[in-house]
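Visitor: For reference, the chains in residue letters:
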Amino acid sequence: MNKWMRENLWRHSIAIATCLFSLFPLYLVILSSLKTSGSLQVGSFIPHEVSLDNFRFLFHSPKTPYVLWFKNSLVIASTVALSSVFIGAASAFAFSRLKFKGKKLGIRLLLLVQMFPAVLAISAVYVIMERVYTFAPNIGLGSQGGLILVYLGGSMGVNIWLLKGFVDSIPVELDEAAKIDGASPVQTYWLIFLPLATPVLAVVCLLSFIGTFNEFILARLFLVEMNGRTIAVGLQQFIGGQYASNWGPFAAGSILASIPIVIIFLSLQRFIVNGLTAGSVKG
Amino acid sequence: MRGKFALIAKIVFLGFTTAILALLTESAFAQKQYVIGGFILVAALALNIVYLTSISVPFKFFLPGILFFIAFVIAPIFFTVQMSGFKYQTGNYIDKATALEQVINLGAQPDAQGTTFDITVGRNSSNEFAILVSDIANNKYFVSTPTQRVDVPAASATFNEYGVAIKAPNFNAMSADALAANDAYSKIRYKYEGDYYIAIESQNAGGVFRQELTYSAKTGVLTNIFTGATYVDNHRGNFAKVGDPTVLLSPGWRAPIWFENYSRLVTDQKVRTPLIRVFLWTFFFALFSVLSTFALGLILAMSLNRPIRGRRIYRSILILPYAMPSVMSILIWAGMFDSDFGAVNSILHTNIHWLQNPSLARSIVLLVNLWLGFPYFYLICSGSLQAIPNELLEAAAIDGANPRQVFRKITLPLLLQILSPLLIASFAFNFNNFNLIYLLTGGGPTQTLNGEIAGATDILISYTYKIAFGTNFQDFGLASAISVIIFLIIASISMYGLRRSKVMESFG
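Chains as they are written, first to last, in the working numbering: chain A, 249 to 531; chain B, 552 to 1059.
One or more of the hints may lead you astray.
[Stated by the list, open to error] Under the rule of at most 30 Å between Cα atoms (straight-line distance), these lysine-lysine pairs were calculated in the BS3-like manner: (1) Lys427(A) with Lys561(B); (2) Lys960(B) with Lys251(A); (3) Lys427(A) with Lys555(B); (4) Lys349(A) with Lys561(B); (5) Lys351(A) with Lys611(B); (6) Lys611(B) with Lys561(B).
Source of the hints: derived by calculation from the structure; they are not laboratory data.
Turn these sequences into a full structure, and let the hints guide you.
Guide: So this is what it looks like as structure tokens:
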């Protein structure tokens, strides 16, 4: 017993204390989503009343077209994730496997440009999309199409970089064998590389999905119409400064919106951690 | 068979894309968006050349990526750098030609009495816009166009119950709906007497004005024909009065001022003081965030580095903050610390204004960022701890090192070496952690009374955002200059980090 205490007690206490820290706000949100009154005021840690009014409000009140918001988020995030991985994978393959002039320069530029504070290029993006609006309203400012284009462009650098890290880790023997057998780079890419890389691409796709789902500033700037908003913008605008009246529905809404993301994340944590370190740490 | 299918798919897809891009180019040129139209045109050409010929194989792979990259990453950066050399702020938004036009339009003054007339808007017999003016006081009526004025004898006009002429020979009144549909009539100056003209004030009223400012395109001088004052381009985006350069005509235009936005960062005290304060806090915030998240992550990784009971459950709970969409969790924290309705006050039975007190607000920002960030370092540290060869630690233990010494002399230095690129990346990320500040405190608390816009928790990026998109005054030029500076800081830090990771690569 004494030995166990010395060996393991401190481990458990640290773990439990930190678990409490990490659960604290989440627990409070779950509590307030189950309350009838709107405020976040929690008298005690044990719920006295459990009601689903807040969830009902989300789905029935015209003030919160929650289902539409959710749908918008899903559509935008999955379009961006799929297309950016489709486009990015090809670039990453070229950067990782092909030899050409200016490759090093290209990689450096890609990395350097990512350090520009993206939030501040927003005013420029805004001006560009404002001009696009004058001749193509469907992909200009204020449209989901325009937002998707901007996301795609913005995610290009990060995704190519991330994908390159993954591609580097896929053994080259197979595509070298294909090359010897007379396959062109394009054939190698479609017939050998893509099937091999599918699991990796799926992970990057999901990371990109989560990233887009989380994006807030651009979405807020672009999506002015209530029904066209994403869930992040919708919920943020909905509480605004009025925590008092709208807190309960917000809590319910943020829980529902977080569940799919949390599930994706937990089930893929091993791959995601590899992805986080790929490209910067070896071994 | 497969090759044929691929070829057909390629041609169909390419044709489809080209068609769309061609349409976009055409409508862009129709709207005079030459730069954007030109870019789309070049993109379409490039796509066709690259995919229909074998000029360059690598381009087949990264052309679409490059096009997106140029359009939405490079171009905005370029634009931002360019804006940093301009006076581009509230009052100086438009280009010079538009500004001049507006200055001249604003240079019209009502006559001394401020005369207004009842009018009826319509068209004359040659179908030009015309107004039927009723000078009821003097019992005079006339039809006016920009070029001529025809008097109408009262006997030949028809009047409504207020004595306003509504019908006259050679004049057809237009309905209110027709006028609402086309407001071109309201921008015309209708002839009155001498220098004076009648400007439309509403559908039923017109005022007597005369043009004071005249512009000479040859000399570039604006002259007030009545006072004789002259105004010239001050090369800083405004027309300024000759003899008294502080008198400016508005609006101004965006004008190149080269490096003035940069020099203001150093010389202008109103810009410099908050900037230095914000910069110091940004630096401290980023450094503290990295250190605290790394420390907590490392402690956890060390504690759970052994297969103790419940480790998987701990792990799942511990990474919850990282798995939650951060926008949601930041908003949740903001709500919890709300002074009136927040859970923290109601649990503690206090009434503390958490986010209104500078030091408290800063502590909360750091605490929330610790919550958001420690799981990342926990995950990474646990991975890295396993990568440290066990023999090394065992050898140290055999040599008589106690656990603390092993940690300080072996584990920590090795970890730091492995993780230094990630620590630097995390510093760079937090340096620009806009979402956290914007959603949690909005940069506040701010002492708005003395016109300050930088709040206690504002970091450089959120402060710059306020400068560029503020509610009262927006200064894109200055904001762009600060962006460029931030870029230089982050780039040099990251380059340093990159170099270190390069060193590691060469070691194997």
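Visitor: Each of the hints needs a verdict: does it hold here or not?
Guide: Here is what the structure says about each hint:
Restraint check for Lys427(A) and Lys561(B): the C-alpha separation of about 22 Å stays at or below 30 Å, so the hint holds. The hinted pair formed by Lys960(B) and Lys251(A) meets the criterion: a straight-line CA distance of about 26 Å does not exceed 30 Å. For the given pair, Lys427(A) sits about 21 Å from Lys555(B) by alpha-carbon distance, which is consistent with the 30 Å threshold. Among the hinted pairs, Lys349(A) with Lys561(B) is consistent with the structure: their alpha-carbon atoms are about 26 Å apart, no more than 30 Å.
Our distance criterion of 30 Å between C-alpha atoms is met by Lys351(A) and Lys611(B), whose separation comes to about 14 Å. The hinted pair formed by Lys611(B) and Lys561(B) meets the criterion: a straight-line CA distance of about 12 Å does not exceed 30 Å.
In summary, this structure violates none of the numbered hints.
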